[in-house]
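Residues per chain are reported as follows:
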Amino acid sequence: MATPFRNAGRLKEIMADYYAQGAQAKERGVPVVWVTAVFPVEIVYAAGLFPYYPENFGALAAARKVTEKLSAAAEARGYYADLCGYARCGLGDAYAKEHPVGEIVRPDLVFSCNTQCGSLQKWFEEAGRFYRVPYFLLDAPFIEGASTTLIKRYFVEQMEEMIDFIEVYTGRQFDFDRLLEVLALANEACRLWNEILETAALTPAPFGFFDACFHMAPIVTLRGTPAAVAYYRELKKELEERIEKKISAVPNERFKIYWDHLPVWPRLRWFAELFAENGALVAVSQYTHSWTHRFDLERPLESMAETYTEQFVNRGFDYRVQLKIDMMKKYKVDGFVLFSNRSCKPTSFGLYDKQKIISERTGLPGIVFEADMADQRYFTEEQIRWKFSIFFEQLQKRA
Amino acid sequence: MTVLGSPGAGKAMPNSKKILGELQSVLSDPAPAVKRIAAEKIVRVVGHLPTDVPEELVHAAGAYPFGVVAYDGGQINRANAHLQMWACSLIRCAFGMALAGKLDFLQGLIVPTICDTTRTVYTIWKKVRPFNFMEAFLLPRQLDRPSAKNYLLGEMGRLKARLEQFTDRKITAADLQNSIRLYNRNRALLRRLYDFHVRCPDLLGNRAVYDVIKSSLILPKEEHNLLADRLLGALEQEAGKQKSGKAKTRVRVILSGKLGEPPALLDILDEAGAVCVGDDLCTGYRYITGDAAENGDPYVALAERQLTRVAAACFTNKKQDRPDFLLRKVRETGANGVIFVHLKFCEPENYDYPFLEETLNAAGIPSLRVETEVGSESLGQIRTRIGAFIEMLDAAN
Ligand code: SF4
Ligand code: SF4
Numbered sequence: 001m002a003t004p005f006r007n008a009g010r011l012k013e014i015m016a017d018y019y020a021q022g023a024q025a026k027e028r029g030v031p032v033v034w035v036t037a038v039f040p041v042e043i044v045y046a047a048g049l050f051p052y053y054p055e056n057f058g059a060l061a062a063a064r065k066v067t068e069k070l071s072a073a074a075e076a077r078g079y080y081a082d083l084c085g086y087a088r089c090g091l092g093d094a095y096a097k098e099h100p101v102g103e104i105v106r107p108d109l110v111f112s113c114n115t116q117c118g119s120l121q122k123w124f125e126e127a128g129r130f131y132r133v134p135y136f137l138l139d140a141p142f143i144e145g146a147s148t149t150l151i152k153r154y155f156v157e158q159m160e161e162m163i164d165f166i167e168v169y170t171g172r173q174f175d176f177d178r179l180l181e182v183l184a185l186a187n188e189a190c191r192l193w194n195e196i197l198e199t200a201a202l203t204p205a206p207f208g209f210f211d212a213c214f215h216m217a218p219i220v221t222l223r224g225t226p227a228a229v230a231y232y233r234e235l236k237k238e239l240e241e242r243i244e245k246k247i248s249a250v251p252n253e254r255f256k257i258y259w260d261h262l263p264v265w266p267r268l269r270w271f272a273e274l275f276a277e278n279g280a281l282v283a284v285s286q287y288t289h290s291w292t293h294r295f296d297l298e299r300p301l302e303s304m305a306e307t308y309t310e311q312f313v314n315r316g317f318d319y320r321v322q323l324k325i326d327m328m329k330k331y332k333v334d335g336f337v338l339f340s341n342r343s344c345k346p347t348s349f350g351l352y353d354k355q356k357i358i359s360e361r362t363g364l365p366g367i368v369f370e371a372d373m374a375d376q377r378y379f380t381e382e383q384i385r386w387k388f389s390i391f392f393e394q395l396q397k398r399a
Numbered sequence: 400m401t402v403l404g405s406p407g408a409g410k411a412m413p414n415s416k417k418i419l420g421e422l423q424s425v426l427s428d429p430a431p432a433v434k435r436i437a438a439e440k441i442v443r444v445v446g447h448l449p450t451d452v453p454e455e456l457v458h459a460a461g462a463y464p465f466g467v468v469a470y471d472g473g474q475i476n477r478a479n480a481h482l483q484m485w486a487c488s489l490i491r492c493a494f495g496m497a498l499a500g501k502l503d504f505l506q507g508l509i510v511p512t513i514c515d516t517t518r519t520v521y522t523i524w525k526k527v528r529p530f531n532f533m534e535a536f537l538l539p540r541q542l543d544r545p546s547a548k549n550y551l552l553g554e555m556g557r558l559k560a561r562l563e564q565f566t567d568r569k570i571t572a573a574d575l576q577n578s579i580r581l582y583n584r585n586r587a588l589l590r591r592l593y594d595f596h597v598r599c600p601d602l603l604g605n606r607a608v609y610d611v612i613k614s615s616l617i618l619p620k621e622e623h624n625l626l627a628d629r630l631l632g633a634l635e636q637e638a639g640k641q642k643s644g645k646a647k648t649r650v651r652v653i654l655s656g657k658l659g660e661p662p663a664l665l666d667i668l669d670e671a672g673a674v675c676v677g678d679d680l681c682t683g684y685r686y687i688t689g690d691a692a693e694n695g696d697p698y699v700a701l702a703e704r705q706l707t708r709v710a711a712a713c714f715t716n717k718k719q720d721r722p723d724f725l726l727r728k729v730r731e732t733g734a735n736g737v738i739f740v741h742l743k744f745c746e747p748e749n750y751d752y753p754f755l756e757e758t759l760n761a762a763g764i765p766s767l768r769v770e771t772e773v774g775s776e777s778l779g780q781i782r783t784r785i786g787a788f789i790e791m792l793d794a795a796n
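Protein chains in written order, with the numbering used here: chain A, 1 to 399; chain B, 400 to 796.
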């Protein structure tokens, strides 16, 4: 396997620190706010509240292979096993007696943004009911091609409503200067993160998608804090050293691959090894690129509205195909893998048609495979291995 | 006059069974009737997926709004090449019908983006089997804050402009008010029919009343109003003739979910001797209640109608919380129990269920959940479970 990152230890520390803050928030009188991954968390940080990410909890549970266990508690309550695995982990943990990955942090407020999906809208609404706390939805209408003034205005107005809501809840006036500081920190962390991701375009590359899945926690959760900036500065330094010492993510890298969206968390290592054995580096995914924001500090709310409504998952067919192709070109990939993730309808529906179109337009070999990001009951190992072996054969033939 | 061309109309009042038969035959294959009507009236037919598109607006543009309700379950698998099998059967059925050419009588389609499946399928559909006119109606999903209304008004303005372009006709406020009146009239008639059904389920059973509502989505409202009116008249007359013998009291149930599909489910309820006394279905009570104001700004009227409709899983609305609604409905109607009818793979419904069930439970109201699919024919197990549930309610009655 590849040489471990010296920053891996630091990552564990800062994430442990983040979770400790969450656990102590209540004692310190800081309200815990549930938020979603694509959400203007900068407002939450600027208001001095503690943002907690139940999706991360889901990813953690999935990576530790306990989805089925937590899901069983949710299923016993009447949720179906077809729902998003993250939601089943989060809801299941609320009902479960055992907490194999630690207890999910109880919210004082539940904020959700549906740019990503309706699952988050509903999961969080149910959580609000379950924990008997206020629920606030930031609603992002679907954007087919280009966004419209109407949609932007709507989102800005909702963020203003949210700020009002926070002011009433905390009894404090919202500090817009503080928001600008937070946004500047977020910009810096996003810039560094993007540069880190871009090293995967080098040949051979010191860093790839599976590394990014590991190192992405701070950009999601600590975006807008000095901790994230400090972490990615260090990580970037380490990558520069690696480039110099010619330490590559995949020894004998022969191919670069585009991977669409989430990893299969409980199989992260399985896939990393499968690709490495075939000399293939998964170089890029729109998933890890989701946190490369750039906010305009001259127009903070408008800029946040654009950032958080215009994510690919909220866009139409052609836009998404083009985005994938652009990434493939930028990273000069040799093939692509589209993950039809049973948990996640908004990223998965349409992939079969997209595969055909992308192959036609780029001439690259590509596959769609079916599985679930969290739940191994939907993972048929033999079938998937077989599908990938054909894919790798195609790559070899073209080389 | 009748669009369905039933012979003898206009003479003696046709009996209710005959009118129901006409409606049911349109439901089983709407294409011939729709084509004939569109040709006679020289209008374009614009489809919409149920049931959050402001049909009044489509109507005011001079088009014929056609609700793509689930009526041809046989086409479901046609969608498989484009849409994973874990999409809900309502959408797979609609898309499958289009792919099979069964919706070729439509010139346009409006898809309300109310869940992940609708917002995703809209763009796939547009890519692989487009209609001349295809729009997503981008509804707000939170309904209780001032921003929702501002936005919805803007979005209706956008849809209006697109429709005007397509039909090459200006929509005036007067046109729209006329359409609103027509639709209100239809809702009022359907509510009267529903009330009749609750009073006299022997004459208008569960299957029949939901078929009438469903048919109102696919026939022009002008025609449907005539038929509904005739049906109501016939039923009242038949009820008057009935001997006031002792009719067996039926078990009263409320349905909760998205759709009462497949229709055989309603037959099962009829056979079990239960009467549906209310629901929160998108093609049921939620469709026939909530009129739009007939005076004032018609756009404001339509927006307010949308924002205050019966609670549904896809929308967040604290002023109209779903558990409260369901509880109130049970109390108002004196229902004995609630049956949740959940379409497989419809996650908005599924997320709401545990809390709804808990709310009912805490209030001592029995409930049952069944999971169904549009077009499915194997209802054996469901039949047994519903039968047992109704028997249990009957015994407790
Ligand atoms: S995995 Fe998909 S469905 Fe689940 S929370 Fe994320 S975006 Fe939503
Ligand atoms: S709300 Fe449910 S039934 Fe309706 S389209 Fe979405 S998933 Fe299908």
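These are calculated hints, taken from the structure and not from any lab test. Quick caveat, the model's predicted, so the values are computed rather than measured. Honestly, I wouldn't trust all of these hints.
Below 20 Å or equal to it, Euclidean Cα-Cα: the simulated EDC-like pairs (lysine to aspartate or glutamate) are [claimed, not checked]: (1) A:237 / A:302; (2) A:332 / A:195; (3) B:717 / A:103; (4) B:559 / A:164; (5) A:330 / A:157; (6) B:526 / A:318; (7) B:525 / A:75; (8) A:329 / A:157; (9) B:548 / A:160; (10) B:440 / B:574; (11) B:569 / B:756; (12) B:743 / A:188; (13) B:416 / B:756; (14) A:26 / A:103; (15) B:640 / B:574; (16) B:417 / B:696; (17) B:548 / A:253; (18) B:718 / A:318; (19) B:548 / A:157; (20) B:647 / B:637; (21) B:717 / A:157; (22) B:525 / A:382; (23) A:152 / A:370; (24) B:717 / B:756; (25) A:329 / A:381; (26) B:717 / A:160; (27) B:647 / B:756; (28) B:548 / A:161; (29) A:152 / A:253; (30) B:434 / B:622; (31) B:717 / A:360; (32) A:152 / B:543; (33) B:525 / A:318; (34) B:526 / A:164; (35) B:548 / B:696; (36) B:743 / A:103.
Hints, one by one, checked against the model:
Taking the CA atoms of residue 237 of chain A and residue 302 of chain A, the gap is about 33 Å. The hint is violated against a cut of 20 Å. For the given pair, residue 332 of chain A sits about 16 Å from residue 195 of chain A by alpha-carbon distance, which is consistent with the 20 Å threshold. Distance hint between residue 717 of chain B and residue 103 of chain A is unfulfilled; the C-alpha atoms sit about 28 Å from each other, more than 20 Å. Among the hinted pairs, residue 559 of chain B with residue 164 of chain A is inconsistent with the structure: their alpha-carbon atoms are about 33 Å apart, more than 20 Å.
About 36 Å separates the Cα atoms of residue 330 of chain A and residue 157 of chain A, which puts this hinted pair outside 20 Å; it is violated. The straight-line distance between the Cα atoms of residue 526 of chain B and residue 318 of chain A is roughly 8 Å, inside the 20 Å bound, and the hint therefore holds. For the proposed pair residue 525 of chain B and residue 75 of chain A, the alpha carbon gap of about 36 Å is over 20 Å, so the pair is violated. A C-alpha spacing of about 37 Å is found between residue 329 of chain A and residue 157 of chain A, which places the hinted pair above 20 Å, so the restraint is violated.
The straight-line distance between the Cα atoms of residue 548 of chain B and residue 160 of chain A is roughly 15 Å, inside the 20 Å bound, and the hint therefore holds. At roughly 17 Å between alpha-carbon atoms, residue 440 of chain B and residue 574 of chain B fall within 20 Å of each other, so this suggested pair holds. A hinted pair counts as satisfied when its Cα atoms are at most 20 Å apart, and residue 569 of chain B with residue 756 of chain B does not qualify at roughly 48 Å. Distance hint between residue 743 of chain B and residue 188 of chain A is unfulfilled; the C-alpha atoms sit about 45 Å from each other, more than 20 Å.
Between the alpha carbons of residue 416 of chain B and residue 756 of chain B the distance comes to roughly 37 Å, so the proposed pair goes past 20 Å and is violated. Proximity of residue 26 of chain A to residue 103 of chain A is assessed by CA-CA distance (about 15 Å); at most 20 Å being required, the pair is judged to hold. Between residue 640 of chain B and residue 574 of chain B, the direct Cα distance comes to roughly 42 Å. Violation of the 20 Å bound is thereby established for this hinted pair. Distance check on the hinted pair: residue 417 of chain B and residue 696 of chain B sit about 40 Å apart at the alpha-carbon level, beyond 20 Å; violated.
Straight-line distance between C-alpha atoms of residue 548 of chain B and residue 253 of chain A comes to about 55 Å, which puts the hinted pair past the 20 Å bound. Annotation: proposed proximity of residue 718 of chain B to residue 318 of chain A is violated, straight-line Cα distance about 38 Å (limit 20 Å). Distance hint between residue 548 of chain B and residue 157 of chain A is fulfilled; the C-alpha atoms sit about 11 Å from each other, no more than 20 Å. Distance restraint check for residue 647 of chain B and residue 637 of chain B: the Cα-Cα separation of roughly 18 Å lies within the 20 Å cut-off, and the hinted pair is therefore satisfied.
Of the pairs offered as hints, the one joining residue 717 of chain B and residue 157 of chain A holds, with about 18 Å between alpha carbons and a cut-off of 20 Å not exceeded. Our distance criterion of 20 Å between C-alpha atoms is broken by residue 525 of chain B and residue 382 of chain A, whose separation comes to about 35 Å. Distance restraint check for residue 152 of chain A and residue 370 of chain A: the Cα-Cα separation of roughly 35 Å exceeds the 20 Å cut-off, and the hinted pair is therefore not satisfied. Proposed proximity of residue 717 of chain B and residue 756 of chain B is supported: the alpha carbons are some 18 Å apart, at most 20 Å.
Between residue 329 of chain A and residue 381 of chain A the alpha-carbon distance is near 30 Å, which puts this suggested pair outside the 20 Å criterion. Between the alpha carbons of residue 717 of chain B and residue 160 of chain A the distance comes to roughly 19 Å, so the proposed pair stays at or under 20 Å and holds. Only pairs whose Cα atoms come within 20 Å are accepted, and residue 647 of chain B paired with residue 756 of chain B is rejected, the gap being roughly 29 Å. Distance restraint check for residue 548 of chain B and residue 161 of chain A: the Cα-Cα separation of roughly 13 Å lies within the 20 Å cut-off, and the hinted pair is therefore satisfied.
Taken as a hint, the residue 152 of chain A and residue 253 of chain A pair is broken in the structure, with Cα atoms around 43 Å apart against an allowance of 20 Å. For the given pair, residue 434 of chain B sits about 14 Å from residue 622 of chain B by alpha-carbon distance, which is consistent with the 20 Å threshold. Taking the CA atoms of residue 717 of chain B and residue 360 of chain A, the gap is near 48 Å; set against the 20 Å cutoff, the hint is violated. Taking the CA atoms of residue 152 of chain A and residue 543 of chain B, the gap is near 19 Å; set against the 20 Å cutoff, the hint holds.
For the hint pairing residue 525 of chain B with residue 318 of chain A, the CA-to-CA distance comes to about 10 Å; that is within 20 Å, so the pair holds. At roughly 41 Å between alpha-carbon atoms, residue 526 of chain B and residue 164 of chain A are farther apart than 20 Å, so this suggested pair is violated. Using a Cα cut-off of 20 Å, the hinted pair residue 548 of chain B and residue 696 of chain B holds, with the two alpha carbons roughly 14 Å apart. Between the alpha carbons of residue 743 of chain B and residue 103 of chain A the distance comes to roughly 30 Å, so the proposed pair goes past 20 Å and is violated.
Hints 1, 3, 4, 5, 7, 8, 11, 12, 13, 15, 16, 17, 18, 22, 23, 25, 27, 29, 31, 34 and 36, counting from the list given before, are not met by this structure.
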